[in-house]
Amino acid sequence: MLAALNNILTNSINSLGFNCSEELSKFAQVRTLTPIKTIKAFSEYVSGIHRTTIVKNLQKLSENEFCLYT
2 MLAALNNILT NSINSLGFNC SEELSKFAQV RTLTPIKTIK AFSEYVSGIH
52 RTTIVKNLQK LSENEFCLYT
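Counting in my numbering, the sequence shown runs from 2 upward without gaps.
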């Protein structure tokens with residue numbers, strides 16, 4: 002997945018005409034993924050539940066039950 006993201010970012014940066022697109026795409030990945038991992042870890046710490054557990058529990062709900070929670 003990261004390789005695909007790197008290719009997409011590199012191609013996008015190349016299309017804008019920048020040099021060093023490989024380095025810029027790696028920098029963009031770090032700047033994007035670090036806050037996401039931090040927010041995920043913090044939310045799991047606060048809730049005390051792993052995110053996949055929450056997703057699995059939501060998948061078990063019927064459509065009517067899901068509407069009540071959203």
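Some hints here could point you the wrong way.
What the hints assert, rightly or not - Derived DEER-like restraints, expressed as beta-carbon distance ranges:
no., residue 1, residue 2, range
1, S48, S13, 33 to 41 Å
2, Q60, G18, 22 to 30 Å
3, F43, S13, 28 to 36 Å
4, A4, I40, 19 to 27 Å
5, P36, S13, 29 to 37 Å
By construction, these hints were calculated from the structure, which means they are not laboratory data.
C-beta atoms are modelled at their ideal positions from N, C-alpha and C, and glycine is treated no differently.
So, going through the hints one by one against the coordinates:
For the pair S48 and S13, the supplied restraint of 33 to 41 Å holds, since their beta-carbon distance comes to about 35 Å. The beta-carbon spacing between Q60 and G18, approximately 44 Å, falls outside the hinted interval of 22 to 30 Å. F43 and S13 have their C-beta atoms about 29 Å apart, which keeps the hinted 28 to 36 Å range intact. Checked against the hint of 19 to 27 Å, the C-beta distance between A4 and I40 comes to roughly 24 Å, which is consistent with it.
Checking the proposed 29 to 37 Å range against P36 and S13 shows it is violated: the Cβ atoms sit about 20 Å from each other.
The structure is inconsistent with the numbered hints 2, 5, although it conforms to all the rest.
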